[in-house]
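Chemist: Keeping their order, the protein sequence lines are chains E and W.
One rule links them: number in the working numbering = place in the first sequence (from 1) + 58.
One rule links them: number in the working numbering = place in the second sequence (from 1) + 1.
The reader is advised that the hints may include incorrect statements.
[Claimed, not checked] Computed footprint of chain E on chain W; a stretch qualifies when at least three of its residues, placed anywhere within it, have a C-beta under 8 angstroms from a C-beta of chain E:
1) 103 to 116
2) 142 to 154
3) 814 to 828
[Claimed, not checked] Residues of chain W placed beyond 10 angstroms of chain E at every Cβ, according to the derived structure:
4) 15
5) 26
6) 36
7) 72
8) 198
9) 202
10) 257
11) 311
12) 321
13) 328
14) 422
15) 569
16) 754
17) 775
18) 844
19) 849
Worth flagging that the hints you see were computed from the coordinates, not collected in a lab.
In this text, all values refer to a predicted model and were calculated from it rather than measured experimentally.
Glycine included, each C-beta is placed from N, C-alpha and C at the ideal position.
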Amino acid sequence: MIHSLFLINSSGDIFLEKHWKSVVSRSVCDYFFEAQERATEAENVPPVIPTPHHYLLSVYRHKIFFVAVIQTEVPPLFVIEFLHRVVDTFQDYFGVCSEPVIKDNVVVVYEVLEEMLDNGFPLATESNILKELIKPPTILRTVVNTITGSTNVGDQLPTGQLSVVPWRRTGVKYTNNEAYFDVIEEIDAIIDKSGSTITAEIQGVIDACVKLTGMPDLTLSFMNPRLLDDVSFHPCVRFKRWESERILSFIPPDGNFRLLSYHVSAQNLVAIPVYVKHNISFRDSSSLGRFEITVGPKQTMGKAIEGVIVTSQMPKGVLNMSLTPSQGTHTFDPVTKMLSWDVGKINPQKLPSLKGTMSLQAGASKPDENPTINLQFKIQQLAISGLKVNRLDMYGEKYKPFKGIKYMTKAGKFQVRT
Amino acid sequence: MTDSKYFTTTKKGEIFELKAELNSDKKEKKKEAVKKVIASMTVGKDVSALFPDVVNCMQTDNLELKKLVYLYLMNYAKSQPDMAIMAVNTFVKDCEDPNPLIRALAVRTMGCIRVDKITEYLCEPLRKCLKDEDPYVRKTAAVCVAKLHDINAQLVEDQGFLDTLKDLISDSNPMVVANAVAALSEIAESHPSSNLLDLNPQSINKLLTALNECTEWGQIFILDCLANYTPKDDREAQSICERVTPRLSHANSAVVLSAVKVLMKFMEMLSKDLDYYGTLLKKLAPPLVTLLSAEPELQYVALRNINLIVQKRPEILKHEMKVFFVKYNDPIYVKLEKLDIMIRLASQANIAQVLAELKEYATEVDVDFVRKAVRAIGRCAIKVEQSAERCVSTLLDLIQTKVNYVVQEAIVVIKDIFRKYPNKYESVIATLCENLDSLDEPEARAAMIWIVGEYAERIDNADELLESFLEGFHDESTQVQLQLLTAIVKLFLKKPTETQELVQQVLSLATQDSDNPDLRDRGYIYWRLLSTDPVAAKEVVLAEKPLISEETDLIEPTLLDELICYIGTLASVYHKPPSAFVEGGRGVVHKCLPPRTASNESAESPEAAPTGAPPAEQPDVIPPQGDLLGDLLNLDLGPPVSGPPLATSSAQMGAVDLLGGGLDSLIGSTNFTPPAAAVPASLGAPIGSGLSDLFDLTSGVGTLSGSYVAPKAVWLPAMKAKGLEISGTFTRQVGSISMDLQLTNKALQVMTDFAIQFNRNSFGLAPAAPLQVHAPLSPNQTVEISLPLNTVGSVMKMEPLNNLQVAVKNNIDVFYFSTLYPLHILFVEDGKMDRQMFLATWKDIPSENEAQFQIRDCPLNAEAVSSKLQSSNIFTIAKRNVEGQDMLYQSLKLTNGIWVLAELRIQPGNPSLTLSLKCRAPEVSQHVYQAYETILKN
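With the hints as extra help, turn the sequences into a complete structure.
Modeler: This is how it looks when you write it as structure tokens:
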């Protein structure tokens with residue numbers, strides 16, 4: 059199982075190590091550094107690196123490499139999923155996951171890691187159980203602890219770990235009982251030069267914030283459940299009811315959690331809410347090129363498109379760009395060749411555009427590659443797949459909870475080729 | 002107030018200060034000090050000097066302080082074993098604490114202290130905790146057994162912890178079950194032979210119940226364990242599949258992939274006509290697609306596995322091509338994998354889309370990716386015939402971009418397209434030739450030269466083109482040199498009149514000025530061919546080429562099946578079986594897919610089916626590679642059958658008299674004079690002897706009445722020998738011993754150049770002639786060979802006595818295996834001893850050399866026995882009847898002159914025979930007895 063964990067920052071310093079079995083010398087990370095050197099960018103470091111005696115599995119999050127060391131045959135996804143869980147836990151505990159924060163809270167980090175694995179086997183990875191075992195640091199608690207000498211460590215047996223519903227603590231009490239659900243969809247799409255869709259799919263999630271007293275049993279039904287191609291549930295969801303009735307029936311965890319993630323595949327017709335008109339030309343043997351893009355709404359069901367950001371990695375041959383946007387602000391970094399245009403909200407009456415010239419390296423031939431345009435946007439009050447929640451019912455408790463459902467569509471990896 | 006304050010005191014006297022604080026009377030100060038110590042430890046500073054002071058803080062009611070001290074202990078106990086003993090008492094006390102959290106914590110920490118002396122004290126508390134009333138303690142204790150096993154395996158076995166652990170599989174709490182499974186799996190990994198996870202339908206049922214209720218991690222352990230089970234029939238397989246399918250909807254991708262593994266494996270047992278089979282196929286696709294929208298690291302592992310899955314069952318993802326389209330900001334390792342799968346899924350239906358994508362990728366920035374994309378276009382052309390034309394025109398478009406590496410890649414793949422579709426796309430040659438000067442990579446140069454040589458008759462200035470390459474001949478890489486040599490010879494055969502000078506030039510460059518033996522040999526062969534028989538030369542050099550296969554990089558079917566059993570593991574990421582890379586090679590057990598069974602249940606006996614090793618595996622007779630390597634140096638591979646490039650034509654060559662042929666019968670009046678010193682004088686001889694062996698061979702085959710011949714057993718499974726499977730047996734006929742071999746090529750490529758060699762062995766067995774495989778062994782072909790043996794080889798006593806280690810070589814690699822030969826092949830024909838002599842010898846051999854054996858279940862009478870034995874050269878010298886029992890006195894002689902005398906007692910009505918053997922070399926008795934038994938029972 060998982061032997062050790064090293065946290066490495068982007069400049070290659072190991073700033074934390076934790077061993078769950080015998081100690082593995084940190085020199086094992088030299089193999090990782092080699093791979094890091096070979097990869098041009100941090101994102102390109104391969105996630106599985108073999109060394110003569112160990113395997114290094116790593117994830118790169120928040121500018122930190124989380125490198126797990128294993129010695130025997132262990133499912134790599136198991137390790138990677140666990141590393142993600144570590145990242146999530148740190149974020150949950152400290153608000154952000156960064157090198158200074160981890161260093162500031164090193165003892166808590168160490169205690170948490172110790173609780174997460176035993177001999178390399180996962181022990182407590184659910185955040186609410188961990189929080190019962192080791193309380194997250196807050197300013198108030200730190201002050202209180204210094205005065206009274208009490209500690210962050212709880213002395214209760216984490217009861218949830220053994221109950222039939224390990225994700226929920228017992229004895230939850232709220233004065234205001236409320237349950238909120240956010241249906242968030244991300245569109246991944248590749249649009250070709252001429253504007254037609256090459257592939258488009260939707261990754262959706264339903265994130266919930268449930269603050270209900272006691273042991274509520276909820277059911278959530280959809281108007282059109284058949285839209286969902288593949289679903290992954292939180293362990294609380296009863297699979298049988300979904301299979302037979304297409305209803306989500308569950309006893310919710312307390313607080314924030316992801317109830318469901320789903321996938322609407324490329325084979326269904328996915329509505330594309332925006333289009334990009336572009337005219338980018340590098341004229342041969344001239345040192346000026348023309349650049350013009352316009353963004354407009356397409357199938358938005360009448361909703362406004364907000365938070366539009368256009369980014370594009372320009373070819374190396376582009377020295378600088380002189381552009382005028384009709385709205386919003388733009389930047390071009392001549393070193394990384396990254397063009398970024400913060401458009402804001404699209405006004406359908408007056409479409410935003412960005413026009414101007416590019417200065418190219420004199421004498422060099424025209425760049426071989428065309429830049430790809432990357433798009434970010436948000437649409438409130440709309441799930442682009444058309445998914446709609448029908449109703450939410452609660453059983454098992456007497457009070458009337460407050461219920462709320464929000465929809466949102468975002469761009470995931472939305473790319474337009476030019 | 003953050004923990005960073007613990008790092009501030011990095012001055013010289015830090016340890017000293019900490020020591021003082023640790024011994025402070027104030028609780029608060031103590032705790033702060035321990036925190037500082039832990040902080041220093043976390044960043045790798047050595048604070049082991051504080052060991053006694055920290056341990057003193059252990060006896061406390063404060064849980065946090067206790068935990069911190071435990072953390073410290075785990076880290077440093079190893080370096081301070083004597084001090085660590087001090088902590089033992091507290092541990093033992095804590096194991097009895099009323100609070101289960103403390104009990105669990107104590108047993109958990111104790112297991113992490115890797116000190117032998119402490120482990121002894123651990124046993125009693127651990128035993129109690131394994132039976133604790135609280136499941137939280139039990140599940141912690143289960144993991145502790147694995148820890149302890151890692152430190153002292155013997156102790157765990159002696160204390161019976163393994164049995165307790167097995168009992169925990171039936172525990173009422175699913176988490177305890179999951180942890181017990183996890184612990185047992187880990188222990189089993191270091192004990193591949195032990196039958197720790199003995200799965201039967203009952204335990205499977207328990208695991209499946211626990212699967213629904215335990216945590217995500219527990220589900221992974223249980224699923225991985227289930228994957229090792231072999232259901233007894235398709236109904237059981239289906240019911241397990243039904244219960245595992247819901248796991249495909251889990252949020253944890255590792256659970257999903259482990260479930261996929263179980264399903265892929267058990268699906269093998271389901272009949273394809275079953276409705277359920279189709280349902281299952283449909284259910285597998287969506288979760289695999291969803292894995293691809295996860296983080297890039299997860300995607301990478303998923304893609305490597307999908308690569309295996311689409312090779313095994315392409316139907317699952319055949320409609321999902323689009324999800325593998327590459328996004329420009331995918332990490333490079335994801336891009337390359339996606340591309341690979343796109344080509345595997347390419348078919349007539351989606352080829353247009355795929356090509357458009359590939360063309361797009363070919364203009365990206367990343368050079369590695371662009372190269373692979375260009376190559377992919379060529380592979381599409383070869384795979385989907387209808388698209389070939391479009392692929393070629395796409396490639397031509399790309400060549401027009403003049404981007405250097407794109408052009409070179411394109412030319413390499415166009416060469417393959419020419420091979421696949423001869424005489425179809427030659428119109429593009431002109432365009433290719435324009436780019437001749439820009440080629441600087443050997444592979445591209447070699448490809449271009451091949452094209453010029455192959456189509457020399459259509460390229461007007463082929464001679465000029467090739468001549469231009471010839472100028473820098475010695476600076477070229479071997480690949481290019483060889484290709485240039487062949488191309489010029491082809492050109493010469495096609496246009497003999499204008500190119501004599503060129504061909505002479507290249508032949509002398511290759512033979513006289515080069516140090517490379519491959520190049521020199523090929524040069525000589527061409528030279529000799531040209532000078533002897535130009536017609537034959539034409540036949541050989543311009544021979545019809547075999548078509549290249551569709552997909553060149555498919556994983557061998559046997560390996561693929563094995564890898565399917567390893568879905569989700571490191572093996573699936575590397576596409577190698579664990580035996581190829583797992584540390585220390587602790588005898589990894591090969592897994593194989595379960596056989597497809599019909600509904601009748603008699604198909605497989607339970608012993609034969611489970612995941613186990615191939616049937617003929619003999620675990621302890623295979624010596625470590627190191628021993629054999631030394632012998633490999635002695636490996637005399639015998640006369641070569643033919644030169645590598647001309648394998649197909651070796652038969653014709655044998656017929657041509659290479660040496661005697663007129664050197665004068667040259668084409669035109671050109672005068673070739675091969676440098677005399679370099680003439681391989683023996684060139685004719687080996688081929689001649691090869692031919693005569695052919696006739697020897699036939700005499701060896703056929704079943705004359707001779708010694709008993711055992712049925713052929715698999716000696717070398719294909720899995721271990723890159724697709725070569727060898728099975729065989731030994732025979733003895735009229736005084737000559739031979740090894741009857743059956744070679745089967747289960748790989749995807751042709752095998753040639755076989756040779757065999759024995760290690761030294763007890764009776765000096767050695768091949769009497771080289772291994773003759775007369776034609777290359779094409780995929781799925783089987784050939785039967787009888788290899789004559791003699792007993793004049795060098796002798797070394799083996800353990801067991803009749804162990805024979807064999808090395809077999811082919812064009813792919815050298816493989817080793819070992820086998821046990823039956824001793825009766827060594828019984829010689831003149832083994833009948835004179836009666837008097839027998840009596841004298843019997844008396845002469847001391848009685849401690851006598852060995853007695855029982856041969857059971859052999860209901861034969863004396864006559865039948867003696868005639869049966871006689872045919873295997875065991876001779877009956879005398880027969881006596883004593884008190885109704887038949888006594889047979891027999892003798893035999895081994896090839897090395899050892900006499901064995903036997904007395905065989907046969908009681909009428911009793912199927913057991915009693916055999917007494919007397920021999921001056923008593924170690925052979927056991928094997929002679931085995932020979933008796935085999936002969937009599939068959």
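Chemist: Could you run down the list of hints and mark each one as holding or not?
Modeler: Do the hints match the structure? See the list:
no., hint, in the structure
1, 103 to 116, "holds (count 4)"
2, 142 to 154, "holds (count 5)"
3, 814 to 828, "violated (count 0)"
4, 15, "holds, 16 angstroms"
5, 26, "holds, 14 angstroms"
6, 36, "violated, 5 angstroms"
7, 72, "violated, 6 angstroms"
8, 198, "holds, 15 angstroms"
9, 202, "holds, 23 angstroms"
10, 257, "violated, 8 angstroms"
11, 311, "holds, 17 angstroms"
12, 321, "violated, 8 angstroms"
13, 328, "violated, 5 angstroms"
14, 422, "holds, 29 angstroms"
15, 569, "violated, 5 angstroms"
16, 754, "holds, 32 angstroms"
17, 775, "holds, 42 angstroms"
18, 844, "holds, 62 angstroms"
19, 849, "holds, 50 angstroms"
The structure does not agree with the numbered hints 3, 6, 7, 10, 12, 13 and 15 stated previously, though it agrees with the rest.
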